[in-house]
Structures are given as structure tokens and as C-alpha cells.
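J.: Let's have the full structure, built from the sequences with the hints guiding it.
Just so you know, the protein sequences line up as chains A and B, in that order. Note that our numbering has the first sequence beginning at 1, numbered continuously upward. Note that our numbering has the second sequence beginning at 308, numbered continuously upward.
Simulated from the structure, these hints should not be mistaken for lab results. One or more of the hints may lead you astray.
[Unchecked claim] EDC-like mimics (lysine to aspartate or glutamate), calculated; alpha carbons at most 20 Å apart, straight line: (1) B/Lys557 x B/Glu358; (2) B/Lys557 x B/Glu377; (3) B/Lys319 x A/Glu201; (4) B/Lys387 x B/Asp529; (5) A/Lys68 x A/Asp78; (6) B/Lys370 x B/Asp559; (7) B/Lys319 x A/Asp162; (8) B/Lys384 x B/Asp541; (9) B/Lys422 x A/Glu18; (10) A/Lys269 x A/Glu64; (11) B/Lys320 x A/Glu198; (12) A/Lys68 x A/Asp262; (13) B/Lys384 x B/Glu587; (14) B/Lys387 x B/Asp456; (15) B/Lys378 x B/Asp559; (16) B/Lys320 x A/Glu59; (17) B/Lys319 x A/Asp203; (18) A/Lys77 x A/Glu64; (19) A/Lys108 x B/Glu381; (20) B/Lys542 x B/Asp529; (21) B/Lys387 x B/Asp541; (22) B/Lys557 x A/Asp162; (23) B/Lys320 x A/Glu201; (24) A/Lys269 x A/Glu59; (25) B/Lys542 x B/Glu358; (26) B/Lys378 x B/Glu358.
Since the model is a prediction, treat every value here as computed from it, not as a measurement.
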Amino acid sequence: METVNKLPKRRSRFYSSEARVAYICLIPAFLGLIFLTYLPLLGVLGISLTNWTGLKPPEFIGFENYIKLFTSDPYIKDSIITTIYFAVLSVIGSMIYSLFIAMMLNRKIPARSFFRAVFYIPYVLPAVAIYVGWSWLYEGNFGFFNYLLSEIGLNKIHFIADSSYVVPSLSLISVWLSGNLIVIFLAGLQNVPSVYHEAAEMDGANGWQRFRHITLPCMTPIIFYNLLMSLIANLQVVTPALALTNGGPGNSTRFLTYLMYDQAFVNYKIGYACATTLIIFAILSVFTIILFKTSNRWIYNEGGDDK
Amino acid sequence: MSEIAYGRLGSKKRRTRMMNIITVVAVVFFAILAIFPIWWIFRTSLMTNAEIYRYPPALTPDKWLFSNYEKTLEIFKFWKYLWNTMVIIVPSCLAGTFTATLCGYAFARLRFRGKNLIWALCIGSMLLPAMVTLIPLYIGWTRGLGVSDSYWPLILPYFCGGGAFNIFLIRQFIMSIPRELDQAATIDGAGYFRILFSIIMPAIRPAMIVVALFIFIGLWNDLLQQMIYINSSDKYTIALGLTNFRGQLKSDWSMTMAATCLSFAPGVIFYLIGQRYFVEGITLTGLKN
Numbered sequence: 001m002e003t004v005n006k007l008p009k010r011r012s013r014f015y016s017s018e019a020r021v022a023y024i025c026l027i028p029a030f031l032g033l034i035f036l037t038y039l040p041l042l043g044v045l046g047i048s049l050t051n052w053t054g055l056k057p058p059e060f061i062g063f064e065n066y067i068k069l070f071t072s073d074p075y076i077k078d079s080i081i082t083t084i085y086f087a088v089l090s091v092i093g094s095m096i097y098s099l100f101i102a103m104m105l106n107r108k109i110p111a112r113s114f115f116r117a118v119f120y121i122p123y124v125l126p127a128v129a130i131y132v133g134w135s136w137l138y139e140g141n142f143g144f145f146n147y148l149l150s151e152i153g154l155n156k157i158h159f160i161a162d163s164s165y166v167v168p169s170l171s172l173i174s175v176w177l178s179g180n181l182i183v184i185f186l187a188g189l190q191n192v193p194s195v196y197h198e199a200a201e202m203d204g205a206n207g208w209q210r211f212r213h214i215t216l217p218c219m220t221p222i223i224f225y226n227l228l229m230s231l232i233a234n235l236q237v238v239t240p241a242l243a244l245t246n247g248g249p250g251n252s253t254r255f256l257t258y259l260m261y262d263q264a265f266v267n268y269k270i271g272y273a274c275a276t277t278l279i280i281f282a283i284l285s286v287f288t289i290i291l292f293k294t295s296n297r298w299i300y301n302e303g304g305d306d307k
Numbered sequence: 308m309s310e311i312a313y314g315r316l317g318s319k320k321r322r323t324r325m326m327n328i329i330t331v332v333a334v335v336f337f338a339i340l341a342i343f344p345i346w347w348i349f350r351t352s353l354m355t356n357a358e359i360y361r362y363p364p365a366l367t368p369d370k371w372l373f374s375n376y377e378k379t380l381e382i383f384k385f386w387k388y389l390w391n392t393m394v395i396i397v398p399s400c401l402a403g404t405f406t407a408t409l410c411g412y413a414f415a416r417l418r419f420r421g422k423n424l425i426w427a428l429c430i431g432s433m434l435l436p437a438m439v440t441l442i443p444l445y446i447g448w449t450r451g452l453g454v455s456d457s458y459w460p461l462i463l464p465y466f467c468g469g470g471a472f473n474i475f476l477i478r479q480f481i482m483s484i485p486r487e488l489d490q491a492a493t494i495d496g497a498g499y500f501r502i503l504f505s506i507i508m509p510a511i512r513p514a515m516i517v518v519a520l521f522i523f524i525g526l527w528n529d530l531l532q533q534m535i536y537i538n539s540s541d542k543y544t545i546a547l548g549l550t551n552f553r554g555q556l557k558s559d560w561s562m563t564m565a566a567t568c569l570s571f572a573p574g575v576i577f578y579l580i581g582q583r584y585f586v587e588g589i590t591l592t593g594l595k596n
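T.: So this is what it looks like as C-alpha cells:
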């Protein structure tokens with residue numbers, strides 16, 4: 001800010017060549033914000049108050065869609081529960097897995113970049129191929145996991161075709177896909193000042209104490225970032241339902257985004273689907289707000305500098 | 308005194324060595340677990356159907372039946388799907404990265420009226436998940452503009468700054484570059500665009516590569532949008548082609564797995580080429596935010 005004040009005042013900030021360049025640079029963002037973000041947002045709000053099906057011109061029906069969603073929709077309640085269940089399992093699993101792997105990769109091991117690549121590679125494969133590929137591993141009779149179960153003398157499980165196993169099974173795939181989190185955690189770990197560890201070791205702190213009182217506090221900003229990113233991504237889960245399960249078996253993978261897709265693009269209840277969209281948005285916002293509100297309690301801010 | 312210190316140091320050294328060996332063993336174990344699904348899919352793609360259902364299953368195929376791939380390629384038009392996918396991804400990555408850089412530069416370096424307001428709108432849109440605007444955008448494209456069965460709805464959004472998150476990322480990077488560099492160039496008579504192209508852009512190359520990677524991964528993993536905008540099978544992308552192929556050949560696992568492996572390949576190749584830049588870039592991104 002200081003440098004700005006020291007510079008000589010321009011004739012007008014509107015017509016200066018600097019502002020002109022800025023506006024030219026921002027043309028794409030202007031267009032994007034208007035036509036891809038804020039107008040469509042108004043559109044969702046507006047359409048959600050109509051009974052539009054795409055055939056007849058829409059009629060204004062007030063909050064009827066919302067009332068119907070909350071009182072008589074057969075799917076929405078289970079859908080919310082399923083989505084949150086999937087997201088929570090996936091987020092917790094991938095946070096633990098990726099932090100654990102990152103901590104191991106942070107030690108002095110040979111061929112570290114090779115191992116990092118191994119853990120990262122699932123992330124660059126196309127999602128549909130991953131789900132199709134895993135569906136073979138999960139296959140009910142001849143799949144690899146059922147081979148393992150039969151080896152240890154347990155009954156076969158229809159991982160994808162059994163409504164009580166399908167969500168955890170899909171979550172495991174999400175955990176496997178967290179290569180990106182590993183790389184970010186690894187970067188964070190390498191940034192933890194080694195003097196802290198050395199000092200604690202001098203004072204006789206053991207491995208767990210050092211993890212609990214040095215590594216973890218120093219990592220909280222990065223944990224927060226990863227937590228937020230993976231929560232938002234997992235709450236919007238839709239690809240496994242589209243590629244693999246079609247919301248089934250039963251309604252066990254009718255995730256919220258899939259429910260919206262089904263309402264809008266299969267049943268053409270566009271107004272109704274827009275109301276669902278806003279409910280999903282509200283749920284995402286609630287989670288984001290909770291995370292932000294509680295963050296200042298557990299995020300350790302070194303030297304109190306704000307970013 | 309010195310003897311005790313030496314002794315403690317020695318045991319500590321031995322303990323660290325021990326720990327390192329345990330870590331290596333654990334890393335190898337988990338790496339095998341992580342790579343195993345891919346191996347299992349690949350080995351299935353090279354087997355006969357009889358071999359797939361044999362008990363106990365073999366870890367490697369008896370004969371490496373690469374002819375499965377020839378058979379698969381007759382139905383699964385991989386090269387066409389790959390081409391179609393690239394027709395979407397390449398322009399999106401280039402345009403998204405370029406426009407995000409322009410916008411990030413404006414927000415990080417230039418002074419203009421309305422900056423705070425536009426920045427607030429930009430940040431606000433970051434909190435808006437993509438699926439919220441899906442239906443109105445679809446209606447806008449199909450009803451408003453009469454576009455259907457086209458790639459434009461997938462590509463064109465990336466000509467508009469490539470998403471607020473990417474703009475934010477680029478801005479953070481530019482802000483971390485010392486201003487003295489631009490000021491020196493200004494004194495030498497360079498204009499704002501010259502500064503952007505010859506000073507800023509080379510300095511933020513890792514960030515630009517990460518933005519390109521994020522756009523790539525986003526499109527690569529997307530199925531929902533491709534499903535609603537693309538109808539005809541000769542416009543199918545890898546994601547659509549594979550979903551459809553699986554529907555047709557539900558029980559022919561070796562061919563399905565061959566198609567899966569073909570779909571894996573571009574991602575792996577892409578990663579191996581750009582590995583160094585991705586890791587560097589993602590590392591910096593994680594730390595900057």
C-alpha cells in the first residue's frame with residue numbers, strides 16, 4: 001500500500017493507461033463473472049420458483065418446489081445422508097492416508113521421487129476409467145477382493161451391488177485417489193523448521209510427542225486447505241453414480257448431484273431440480289462456514305502474521 | 308563425559324537407521340498396495356476370459372494376449388475418443404491458463420477503479436460450486452443459443468479466466484514476485500504488457516503449469532457435463548466412450564479392462580513428461596494458500 005501512495009498521482013485512475021490495460025486484461029473475467037456465474041445464479045433462483053419442465057412456458061409457483069422437497073420428496077433425505085456419509089468417510093480416510101504417506105516420504109528414503117510418483121499416479125487417471133477398473137476388483141464372484149475374502153474364509157461380498165457396502169467401497173477409491181493431497185502435505189512437511197525438531201529432541205521428546213506438538217501444529221494451515229478442498233470435491237460426488245451404479249443398488253448411491261441430474265435431465269423437472277441445486281449449495285455452504293468458523297481455534301499461525 | 312555423549316549419539320544414530328529401514332519397508336509395502344489395482348486391471352486386460360475366472364487367480368497372465376487390445380479397438384474407438392478429448396482439453400488449457408494469467412496480473416499489479424469490487428465478485432464466485440450453475444448454463448446454451456451436441460459449452464468457459472480459483476492462484480504467485488523487477492523494466496521503458504510477457508510470465512511458469520494441470524484434470528475427470536452436452540457417438544470423449552462401452556460389454560471383463568487401460572495411458576504419459584513441473588508447482592500452490 002505504501003508504494004502506491006508514494007507514486008505520483010495520475011490524472012485520473014479511469015483513463016490512465018494502467019487502468020486501460022487492466023480492463024483489457026479483465027475482459028475475460030468480466031464475461032465469465034456475468035455470464036457464467038452471477039446470471040446463472042440468478043437463473044437458478046428464478047427457475048426454482050417455477051414449475052418449468054422445458055415443454056410449456058414456466059409458471060410462477062412460489063416456494064412450492066421447496067415445500068415439496070422438504071415434505072414429500074421420496075429421495076432427498078436419503079440422498080443428503082448418503083452424500084454426507086460418503087464425503088465424511090472419504091475426507092477422513094484420505095486425510096489420514098495422505099498425511100501418513102507424506103510423513104513417510106518426508107524421511108530420508110531412497111528413490112523418493114519414484115515413490116511419490118507411484119502414490120500420485122492414480123490422480124492423473126480419468127475418473128471413469130478408475131471406477132470401471134475398480135468395479136472389476138470389486139466384482140461379486142471373481143473380483144480380487146472376494147478372492148482375498150475367500151482366502152481368509154469369509155463370505156463373498158457384492159461390494160458394488162450391495163447397498164450396505166457400496167458407499168464405503170466407493171470411498172476407498174476416493175482415498176486411493178488422494179495423490180494430490182500427499183504432494184501438498186509433503187511440501188508442508190518439508191517446510192516445518194527442523195530446528196524445532198532438533199530442540200525437542202534435545203529436551204527428550206519422543207516421536208509421537210514431536211508429531212503431536214511440532215509437526216501437527218505447523219501443518220494446520222495446510223491441513224485446513226486440504227480439508228476444505230477435499231470436502232467440497234467429495235460433497236459434489238457424481239461420477240461413480242453416473243458411470244457405475246446409476247444411483248443404485250436401490251437408492252444407496254443417489255448422491256445429491258446425481259439426484260439433481262436425474263430430476264433435470266432424465267425427468268425434465270427443471271424447476272424442481274433448481275430447488276434441489278440450491279439445497280445442495282446450502283449444504284456445501286454450511287460445511288464451508290463451519291470449517292472457517294472453527295478454523296481460527298485450531299489453526300496455528302506462526303508469529304501471528306495474517307495472509 | 309565425552310564418552311557418554313558419544314555413546315548416546317551412537318545409539319541415536321543406530322535408532323534413526325533402524326527407523327529409516329522400517330520406513331522404507333512400509334513405503335514399499337504401501338506403494339505396492341497403491342499400484343496393485345492398476346496392475347490387476349492391466350493383467351486382466353491380457354487374459355482370456357477362461358483365465359480370468361480361474362481359481363486361484365494368477366498374478367500374471369499365462370500368455371500376454373495383446374490381441375485383446377486389437378479386438379477391443381474394433382469396438383472401442385479409442386483414437387477417435389482421444390482426439391475428441393484433446394479437441395476439448397488443449398484449447399481449454401491454453402486459453403484458461405492465458406486468461407487466468409491476464410486477470411491475475413491485473414489484480415496483483417495494476418491500479419484501476421472498481422478493483423476491490425471486481426475482486427470481491429471473483430472471490431465470491433470461488434465459493435460457488437460448479438454444479439450450482441449447471442442447469443441455467445445448459446438452458447442458456449441449448450435454448451438461448453440453440454447449441455447442442457457441441458464442444459463449445461465445454462471449451463468456451465475456459466476463455467473466461469479459467470475459473471476464479473485459478474485467477475486467485477496466479478495472483479498470489481505474482482504478488483510474491485518482487486515489484487522492483489517490474490519497476491526496473493518500467494524505467495527501461497517497458498509497457499504493462501511487455502512487463503507481463505517478458506518478466507511476470509517467465510517468473511510464474513510453475514503456477515501457469517499447475518493451472519493448466521488443474522484444467523486438464525478437471526476436464527479429464529468430468530463426465531456429467533460431457534454427458535449433458537454431447538449426444539452423438541462420433542463426438543464421444545474417452546469418458547463417454549468408456550461409460551458406453553462398459554454398458555455394452557458388461558461381462559466381457561478382459562475387453563473392458565483393455566479399454567480401461569487404454570484410457571489410463573494418456574494420463575500416465577502426460578504425468579511422466581510433466582512430473583517435475585507438476586510436483587514443483589503443486590508444492591508451491593499448497594504453500595502459497
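J.: Now look at each hint and say whether the structure bears it out.
T.: Here is how each hint holds up against the structure:
Restraint check for B/Lys557 and B/Glu358: the C-alpha separation of about 17 Å stays at or below 20 Å, so the hint holds. Taking the CA atoms of B/Lys557 and B/Glu377, the gap is near 18 Å; set against the 20 Å cutoff, the hint holds. A C-alpha spacing of about 11 Å is found between B/Lys319 and A/Glu201, which places the hinted pair at or below 20 Å, so the restraint holds. With a CA separation close to 18 Å, the supplied pair B/Lys387 and B/Asp529 stays within the 20 Å bound.
Simply put, A/Lys68 and A/Asp78 have alpha-carbon atoms about 15 Å apart, close enough for the 20 Å limit, and the pair holds. Distance check on the hinted pair: B/Lys370 and B/Asp559 sit about 18 Å apart at the alpha-carbon level, within 20 Å; holds. With a C-alpha separation of about 51 Å, the suggested pair B/Lys319 and A/Asp162 falls outside the 20 Å cut-off, and the hint is violated. Taking the CA atoms of B/Lys384 and B/Asp541, the gap is near 9 Å; set against the 20 Å cutoff, the hint holds.
Proximity of B/Lys422 to A/Glu18 is assessed by CA-CA distance (about 12 Å); at most 20 Å being required, the pair is judged to hold. Annotation: proposed proximity of A/Lys269 to A/Glu64 holds, straight-line Cα distance about 13 Å (limit 20 Å). Of the supplied pair hints, the one linking B/Lys320 and A/Glu198 holds, its CA atoms being roughly 14 Å apart against a limit of 20 Å. Restraint check for A/Lys68 and A/Asp262: the C-alpha separation of about 16 Å stays at or below 20 Å, so the hint holds.
For the proposed pair B/Lys384 and B/Glu587, the alpha carbon gap of about 35 Å is over 20 Å, so the pair is violated. Pair hint B/Lys387 plus B/Asp456 holds up; C-alpha atoms about 16 Å apart against a cutoff of 20 Å. Taking the CA atoms of B/Lys378 and B/Asp559, the gap is about 12 Å. The hint holds against a cut of 20 Å. Between the alpha carbons of B/Lys320 and A/Glu59 the distance comes to roughly 77 Å, so the proposed pair goes past 20 Å and is violated.
For the suggested pair B/Lys319 and A/Asp203, the alpha carbons sit about 14 Å apart, so the restraint of at most 20 Å is met. Proximity of A/Lys77 to A/Glu64 is assessed by CA-CA distance (about 17 Å); at most 20 Å being required, the pair is judged to hold. About 48 Å separates the Cα atoms of A/Lys108 and B/Glu381, which puts this hinted pair outside 20 Å; it is violated. In summary, the hint linking B/Lys542 to B/Asp529 is supported, as the alpha carbons are separated by about 15 Å, within the 20 Å threshold.
For the proposed pair B/Lys387 and B/Asp541, the alpha carbon gap of about 8 Å is at most 20 Å, so the pair holds. Under the criterion of a C-alpha separation no larger than 20 Å, the hint pairing B/Lys557 with A/Asp162 is consistent with the structure, at around 18 Å. Between B/Lys320 and A/Glu201 the alpha-carbon distance is near 13 Å, which keeps this suggested pair within the 20 Å criterion. This hinted pair checks out: A/Lys269 and A/Glu59 have alpha carbons roughly 13 Å apart, not beyond 20 Å.
Between B/Lys542 and B/Glu358 the alpha-carbon distance is near 35 Å, which puts this suggested pair outside the 20 Å criterion. Of the pairs offered as hints, the one joining B/Lys378 and B/Glu358 holds, with about 17 Å between alpha carbons and a cut-off of 20 Å not exceeded.
Checked against the numbered hints above, the structure breaks hints 7, 13, 16, 19 and 25 and satisfies the rest.
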